[in-house]
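Here's the letter readout for the chains.
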Amino acid sequence: MSKDIRIKKGLNINLIGAAEQTTSKAVLSNVYALNLDDFHGITPKMLVKEGAEVKAGEPLFFNKNKEDMLFVSPVSGELVEIVRGARRKILTLKILADKTQEYVSHKILDVEEADAEGIRSFLLQSGGWTFIKQRPYDIIANPEVTPKAIFVSGYTTAPLAADSDYVLNGKEAELQAAITALGKLTPGKVHVSVSSASNSPLENLNGIELHKVSGPHPAGLVGTQINKIDPINKGEVAWTVAPQDLIIIGELLLTGKFNAERTIALAGSVVKAPKYYTTKIGAEISTFLYGSGVNQDKFRLINGDVLTGSKTHPEGYLGFYNNTVTAIPEGDDYEFFGWNKPIFNKISSTRALTFSWMQPNKKYDLDTNTNGEHRAFVVTGRYEDVFPLDIYPLQLLKACMVKDLDEMEQLGLYEVAPEDFSLTEFICISKQPHQQIIREGLDLLHQEIG
Amino acid sequence: MKEKLHQIKEKYKGKKMAPAFNAIHTFLYMPNETTHSGSHVRAADDLKRTMNTVIMALVPCLLFGIFNAGYQHYSAINGFPSEFSLMEHFITWDNFWLGAITVLPIVVVSYGVGLAIEFLFAVIKGHEVEEGYLVTGMLVPLIVPVDTPLWMLAVAVAFGVVIGKEVFGGTGMNILNPALTIRAFLFFAYPTWMSGDKVWVHGAKEGLTQAGTADAISGETVLGYLAQGNNDFSYSLSDMFYGFIPGSVGETSTLLILLGGLFLVFSKIASWRIMLSAVIGSLAMGLIFNGIVAAEWIPEYSKFYGLMSFEYWQHLLVGGLAFGIVFMATDPVTGSQTNRGKWIYGFLIGFMSVMIRVFNPGYPEGVFLAILLMNVFAPTIDHYVVRGNIKRRMKRLKTATIYPKVSGEVEELKTETV
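From first to last, the protein sequence lines stand for chains R and L.
Just so we're aligned, residue 1 is where the first sequence starts under my numbering, counting upward by one.
Just so we're aligned, residue 1 is where the second sequence starts under my numbering, counting upward by one.
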């Protein structure tokens, strides 16, 4: 049974440099790294020492607050460096990869027969659990709480992001195994949404509630879909898993091996030949970036898409949850009378001498300039045009800024993740850091209410 | 030039005067600031562009106001032309010159005093100069009588910016519209300069007499005539619509205000919801008053009769109602912030404006009072609109499915046995 979701409010950001749908194999990376900022709110406790030999899938550290939640190495090799920051906080774990990869072999689980407890402990032990995120708080799921439903979005609307339909192609068996296993962890449904316009490998899976989604960004964000399908109430928990991570979970269940391989999109106007690459989690970005080539020296490299990704550099490493790497021009230059000239080459949500409304399908080459300075909230009513959730965005942001816990709860902070505010941040006339405000609000709520 | 300014900016970063320099720098060049957190790309609009769009919509009103100042002055002395021709009688160098020397000083004082205070506060508080005053500074000259003494204006602007805005934390934090706070201050502090038949035409207050005319010149607004129960003013409907009538500098031409309003709605800068609902509100109140007159509930000698019997839709053509609806009620900071709230807020502004206009004995104009009043109530309106959303969420909460913790049951048992 499929239920259609049609999103009207939103904005598609069409950028130059979408990845061409051909896949190359990236050069093998010498060093792989886990960036611990990817695991928000986790306090790591190391299990191996610097210099230790690890296999792919061998635990590197565990979560101090949930000791059975293990984080595993994406490759086999030597843990060469534990990079620490202020107060000895662990920032990055670097692993020098072996020539021939050795995997930890877990006992293969029969997903049809296994019970919830078995699947839960299997995923926690094997590192598959780290791909499951929960709402509220947008963190790795708490294994002690049963979710009311699980959401997977197979519809891609974020600018230049890897197309789910393409990267999932041919992985039906893994997807099915992962969905079957996850389905046993919730008494509720597994909601899977796909684009209404194309054929996704997710469509024909068993044990799912299929939703066909159409409309502009943020229709593809799982938060938008949760809000339309089954919004989260206070006290409830929903899980979200990105479809490319289902493949890794599925392979773990089917073969007992943690295979960190993933197909990623390298995109952006700076990239000479934007296309897809197969590589592994934690691989050095230069291993595929220079395969495609760049057309300028100064650019912003982003782990993820342009709206939600994190800043990195060619010597940086592919993020744990990312399947897109974007390179766009830096915009650190002044523009003479930039605030009153008519603008043709940038996207705008207004028509104040900005002309992007005349060509909705034109592709733009945006840079990282903020196009204005940080100001107090002044303009109202603009966010609502691109924010399809049944939430008052401005009021929620203000509640987070003044740390009003009651108001944050009542206005629906439980339902959102920072990425849901990426589009309002994009159009914000006052250039406020919406995602950061929401992140801090979620952390505060988590800490105070738990 | 670009490089030099950049070097100066870097050199004085963190210094006391940096905000003042940056304000001028960003006026010339859009800054080289890049994104650090969150979204890596940003849309083209910023606050400067937004404010600039409003100013562009106001410029025609200002130009018209300049010509009209001259036109009203010379017509009051020489009599209105019997065969009015736009090019011959209105757009003339004489009109422009007289208008320019009376109106432009008001603009200069408004911007000069207001921006000086903004810069001062920015330097003291160490934040950037925010653009809010760009629009306020343009609105103020358009809503005061043409002969307002400049020192009064300076005092009022200082009051309005400090008490109306800065004490609340500056742009974006104020409760009352600063331009209207300035107008209200003028009205209550110097009422003789703000109402009556001597202030709307340049030269009238000084009792200026021209050679060859016996009487001092005077000019009453349409509303002034009506408030006195005097229906025989000489202005035709088209005069009112085009704006060839006495009144505050920039608020007379309903046509240009309408064009400005359409531009703001088209460019998505101002809220069409507020504008439309305010028009509906004023028409509704006007119709009620017309109905009272038609039902003969009020005798013809009543002092309210003149304004009550005034055709309901013509309220939009005279006085500051149209100007207030388009440019003041739509101020996003002081207005309602939710879309549903904007309908209520706008409607009440229109409704109250006409009501105050009819019942105010001293001064037949109510727009600025109505908007200030609704500014105060806007947060309350929003509060109830947002409550609606919260209530919906609360209702949903009753059907929430919350599962017990997987290991929680065991722990609970433990505590019981202890």
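The set of hints was computed from the structure by calculation and includes no laboratory data.
These figures come from a predicted structure and were not determined experimentally.
Where a beta carbon is used, it is the ideal one built from N, C-alpha and C, also for glycine.
Be aware that one or more of the hints could be misleading.
Between beta-carbon pairs, the in silico distance windows are [claimed, not checked]:
| no. | chain 1 | residue 1 | chain 2 | residue 2 | range |
| --- | --- | --- | --- | --- | --- |
| 1 | L | A284 | R | K363 | 46 to 56 Å |
| 2 | R | S196 | L | A284 | 42 to 52 Å |
| 3 | L | L28 | R | A376 | 40 to 50 Å |
| 4 | L | I280 | R | P187 | 29 to 39 Å |
| 5 | L | H383 | R | A86 | 14 to 24 Å |
| 6 | L | Y384 | R | V402 | 27 to 37 Å |
With a straight-line Cα cutoff of 30 Å, these simulated BS3-like cross-link-like pairs (lysine-lysine) come out [unchecked claim]:
| no. | chain 1 | residue 1 | chain 2 | residue 2 |
| --- | --- | --- | --- | --- |
| 7 | R | K99 | R | K66 |
| 8 | L | K395 | R | K189 |
| 9 | R | K99 | R | K49 |
| 10 | L | K2 | R | K189 |
| 11 | R | K184 | L | K4 |
| 12 | L | K15 | R | K9 |
| 13 | R | K25 | R | K66 |
| 14 | L | K395 | R | K341 |
| 15 | L | K398 | R | K341 |
| 16 | L | K391 | R | K234 |
| 17 | R | K228 | L | K395 |
| 18 | L | K2 | R | K398 |
| 19 | L | K4 | R | K228 |
| 20 | L | K2 | L | K15 |
| 21 | R | K25 | R | K234 |
| 22 | R | K45 | R | K25 |
| 23 | R | K25 | R | K184 |
| 24 | R | K64 | R | K107 |
- Item | Hinted pair R:K228 and L:K395, Cα distance within 30 Å | 16 Å, holds
- Message: Tell me if the straight-line CA distance from L:K2 to L:K15 falls inside 30 Å.
- Response: 20 Å, holds
- Query: Does R:K99 pair with R:K49 here, judged by a C-alpha cut-off of 30 Å?
  - Reply: 21 Å, holds
- Query: Taking the CB of L:H383 and the CB of R:A86, does the distance hold inside 14 to 24 Å?
  - Reply: 43 Å, violated
- Query: Has the given pair, R:K45 with R:K25, been kept, meaning a C-alpha gap of at most 30 Å?
  - Reply: 34 Å, violated
- Item | Assessment of proposed distance window 42 to 52 Å (beta carbons of R:S196, L:A284) | 44 Å, holds
- Message: Against the range 29 to 39 Å, how does the distance between the Cβ atoms of L:I280 and R:P187 compare: consistent or not?
- Response: 51 Å, violated
- Item | Hinted pair L:K2 and R:K189, Cα distance within 30 Å | 59 Å, violated
- Item | Restraint check for L:K398 with R:K341, where alpha carbons must lie at most 30 Å apart | 53 Å, violated
- Task: Take a quick look at whether L:K4 and R:K228 sit within 30 Å of each other, Cα to Cα.
- Result: 53 Å, violated
- Query: How does the Cβ-Cβ distance of L:L28 and R:A376 compare with 40 to 50 Å: does it lie in that range?
  - Reply: Since the Cβ atoms of L:L28 and R:A376 sit about 23 Å apart, the hinted range of 40 to 50 Å is violated.
- Does R:K341 lie within 30 Å of L:K395 when you go C-alpha to C-alpha? 49 Å, violated
In terms of the numbered hints stated before, the structure departs from hints 3, 4, 5, 6, 7, 10, 11, 12, 13, 14, 15, 18, 19, 21, 22, 23, listed from lowest to highest.
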